[in-house]
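Enquirer: Chains as they are written, first to last, in the numbering used here: chain R, 1 to 355; chain F, 1001 to 1309; chain E, 2001 to 2358.
There could be a bad hint or two in this list.
Ranges of calculated distance between the beta carbons of each label pair, as one might list FRET restraints [as the list claims (entries may be wrong)]:
1) E:I2115 / F:A1188: 58 to 68 Å
2) R:E53 / E:L2113: 43 to 53 Å
3) R:D324 / E:I2115: 27 to 37 Å
4) F:S1263 / E:V2240: 56 to 66 Å
5) F:T1166 / E:P2175: 49 to 59 Å
6) E:P2191 / R:K146: 51 to 61 Å
7) E:P2049 / F:W1189: 28 to 38 Å
8) R:K146 / E:I2115: 51 to 61 Å
9) R:K108 / E:F2200: 20 to 30 Å
10) F:I1151 / E:A2198: 52 to 62 Å
Keep in mind that the hints were calculated from the coordinates and are not lab data.
All values derive from a computational prediction rather than experimental measurement.
Cβ coordinates follow ideal geometry from the N, Cα and C atoms, glycine included.
Read off the chains here:
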Amino acid sequence: MGLVKKILLSVACMSLAVAVAHGAGTKVGYIYVGPKSDYGYNYAMDQGRLYVEKNMPGVKTVSFENVPENAEVERVMERMIKSGCTIIFPTSYGYLDPALNVAKKYPKVTFMHGGGFKTAPNLGTFFAGIDDAMYLAGITAGSMTKTKKLGFLAAHPIPQVLRNINAFTRGAQSVDPAITTTVVWTGTWSDPGKEAEAANSLVDAGADVLTGHVDSPITYTQTAEKRGVMAVGYHADASKFAPKGWLVGAAWNWGPMMAKIVKSVQDSTWKPEHIRGDLMAGDAGLTAFGPSVPAKVKDLVLAKEKEFKAGKTKLWTGPIVKQDGAEIAPKGTELAMANLEGMDFFVKGVVGTVK
Amino acid sequence: MSEFDAALGGFLISALRSSTPLLWVLLGEILTQRVAVVNLGVEGQMLAGALAGFAATLATGNPWIGLIAGVAAGMALSSLHGLLCVGLKANPFASGLAVWMLGFGLSSFYGIPFVGQKINGFKSMPLGFLERIPVIGTLVTQITPTVAMGILASPLLGWWLYRTRTGLSFRAVGESLSSAKALGLKTAWVQVMGIMAGGAFSGMGGAALSVDYTRNWVEGMTQGRGLVAVGLVIVARWNPYLAIPAALLFGGAEALTLRMQTSGVPISSHLLHTLPYLASLAVLVLSYSRANKEGGTPAGLSAVFSQSQ
Amino acid sequence: MIVPLIKEPPKPAALFKQPFRIPGLTVIAAALGFLLLGSIFFLMVGQPPVATFWAMIKGAFGDGYSLSETLVKTAPILLCGIAAALPARLGLISVGGEGQLYFGALFGTGLVLAIPGAPMYAMLPLMLAASAAGGALWALIPAFLKARMNVNETITTLLLNYVASLFVDFLVYGPWKDPNNLGWPATINFPAAAKLPALFGTRAHIGLIFGLIAAVALYVLTARTRWGTCLRLLRSNRRVAEGIGLSYGRQAILVVCLGGMLAGLAGICETSAIQGRLQSGISNGMGFSGFLVAWMAGGDFLRIIPLSLLLGGLLASGDSLQLFAGLPSSAALVLQGVLFASVLAAGSLKARKGGDRV
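Required output: the full structure, derived from the provided sequences and hints.
Expert: Spelled out as structure tokens, the structure:
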């Protein structure tokens, strides 16, 4: 993975120029689980698509939204292939196994799945370690909280969500180990009504910083502002919805990475691998800080960010203790990749249940 | 204020907030079903109301205009249901589903530019000494106009339905089309009125959700609330007075499932989320078993109709 | 002041008793209405109507692949459509297709997980039987409440839908989650012995055959047998029918549970043949699509077949709107709404002209 990072950084800026020479007639298909105008995960992915289309002359894209994470997506992929797509980005986690099925059927098409952990000769995966950014956001939240209680509202207990909850909590606990994060599951990626009420119940339970992992950060950010508590965003910059309480957010920037992937397919240098971008490559990172965050806290966070970027610190280094007190990674060791990509536990200090 | 008071007040306002969009739709569907029409399209009407309300608030900066726009959009869409199942005597279930799809589809389609926009909701109302009373203080400081209006609308509508001539005409049409016709009522007109009233209220419910409750527009944001409201009409026994308890039953259970999670109960969230549905089911069954014990035929208002039968 | 409860307003079910005919002329009127309104919509969003409609038709029936994908969609709609139409024979309005579909999938999957090593000749029949039992069992709750306490079946089936899908969520996120699939909430992949046979090497599967058989069988049974007469009598005049010894409650349980069995079969077909494992959200709203088709068909079992095919085609060809016209997914929903409004309006106009309505 280290190699990938370096390539990403150096190639991202050159890709534009090289693409002009090579990029004739490639058609790329994007598949999203929700509406591409969700101001969240799918919106961020679609911004990546627009970046590719804008910066790579000759590359055409098509997109398909609101495709459920089940065998439905197989039909959508086949249609895309039949319409001439040679690269497909199934961007949602649940598309992995269907994509593997279709990949077997069409060996000449390249599949780049978002966030999975399996490969095939013509299927690789891409993602970015946004949990580093969530850790940094956790440091911010941990420095700002007065009640020592943070609130996290989340849709479904899947690995990517659990990683963010744990990263956020560990970040906060690096400031004060007594801090806890209370989790409320809304059971759906997008239900603003439920999100508003989940945010309210977290505030009533004493949380004074809210964050979440649902489609769009708008509702809980606004609710936090209304109730006079602080908010940390996710997926997209929602600072305008909480002019007073906004602390910071974790957001995506897929464009350069996607352009690089498309480019590597055109050059036939593409390999089926797990591409994982990160803070350093700028694929995922922090948004701007809100006005209430003092310089001291900003410095603390930015110093840690520097350590991450330099590779001095790894987020998932032990000791990591599970909610029930069992140690899953002893001091000095890194959490196993399978435990990371298939995370199914809460760390100590999280209030809630993973089931 | 003690912690307990705050928790209780917090739960009460939370239950009221989650119930409010449901309550508006429920009141509307009660009116529609009172004229013997079922409208499954309320889900689509809510979405139309939510989008129109959000867009109008964004354009004018005034949430009251947003609510009015929501009402208008709900009514406009419901008129299609009126045309299909009263004008053309089409099957009301199929027609309702067509209205649902159109409302969902059109609102999602034309709602795209409004995603990620910011509107200003209602300002909080200063209530002075009320805010210092335990429990009630928590309630009143967080109450918003659509919640308060919903609480008022329910008894007003009950009074209108049971105590006025126009209310009587609604009930007459609902009891028997032919006898209502014999009484000289324009039954088709009354039915269309009932459907449009349902449209207005469901549009209001949608606007309450987008303009007041969440201040956000997301496609499909009603998430089945309209359909649940159609079911809750039976829990409320077609009675506007009972709409608040029926809506509170569901909304309160929903608020409770979220609140139980914040206290860290070790129960699967998926099982917890079944609570609002199971609670509604339990109350429904209980109400039927009680009705059967009492003979199932409540007297009172139906006497008004017995003269004409 | 508490106002006494009023007795229930007359059931809109009365409206279903009216005859519903779609002769040739109506089909043409509906098609013209749909094409006209659809064209207006396409023009409004800046798409050429003729080319877009043509792309849709090709996307639904244009080649073998498209046709097979249409049939994939048709199968569950057909089964769930019958599951809604059968109770309607007794004037019952069941919207429980979704929940019954989920419970059929759940029971069938439970059996597969219980005997994963069983040979195919034992596995498939047992799995199908279990799914039918699961659907019937979930339907039994509203059926029993209706038969014994006269609890409105529309709301009970509606509420139980949500409970069923949440219960499946609970299982696939919890006890049934495949521990080796990196936290993805789904059961293990079904063993080869538990895969229902596909048709012509496509994704279209045997569920379609089940649906066709059920539609024809029920058509014959309700039209030609004493049972059919019994249902008609019970619906048109329950008091008289009960007077001659027919049991409304028993028949209500029978038709609702039979419907549940069919929806349950649809559930295991989606799980085994299409999905290959049980996971969250497998229904894709097919239970409601079935309900819609049942009412569009006026409860006629044979008419459900072409209407399911039409809706299946529309759902499968909605793809082309996104792929070729670049429209958002909601455009397909708008078109569906336009189509059903046109069919309804045309059907009613014809009925009026023919004077067979009150």
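Enquirer: Each hint needs a verdict: does it hold in this structure or not?
Expert: Now the hints, each set against the structure:
no. : hint                          : verdict
1   : E:I2115 / F:A1188: 58 to 68 Å : 60 Å, holds
2   : R:E53 / E:L2113: 43 to 53 Å   : 45 Å, holds
3   : R:D324 / E:I2115: 27 to 37 Å  : 33 Å, holds
4   : F:S1263 / E:V2240: 56 to 66 Å : 57 Å, holds
5   : F:T1166 / E:P2175: 49 to 59 Å : 56 Å, holds
6   : E:P2191 / R:K146: 51 to 61 Å  : 56 Å, holds
7   : E:P2049 / F:W1189: 28 to 38 Å : 36 Å, holds
8   : R:K146 / E:I2115: 51 to 61 Å  : 57 Å, holds
9   : R:K108 / E:F2200: 20 to 30 Å  : 24 Å, holds
10  : F:I1151 / E:A2198: 52 to 62 Å : 57 Å, holds
Of the numbered hints listed earlier, not one is contradicted by the structure.
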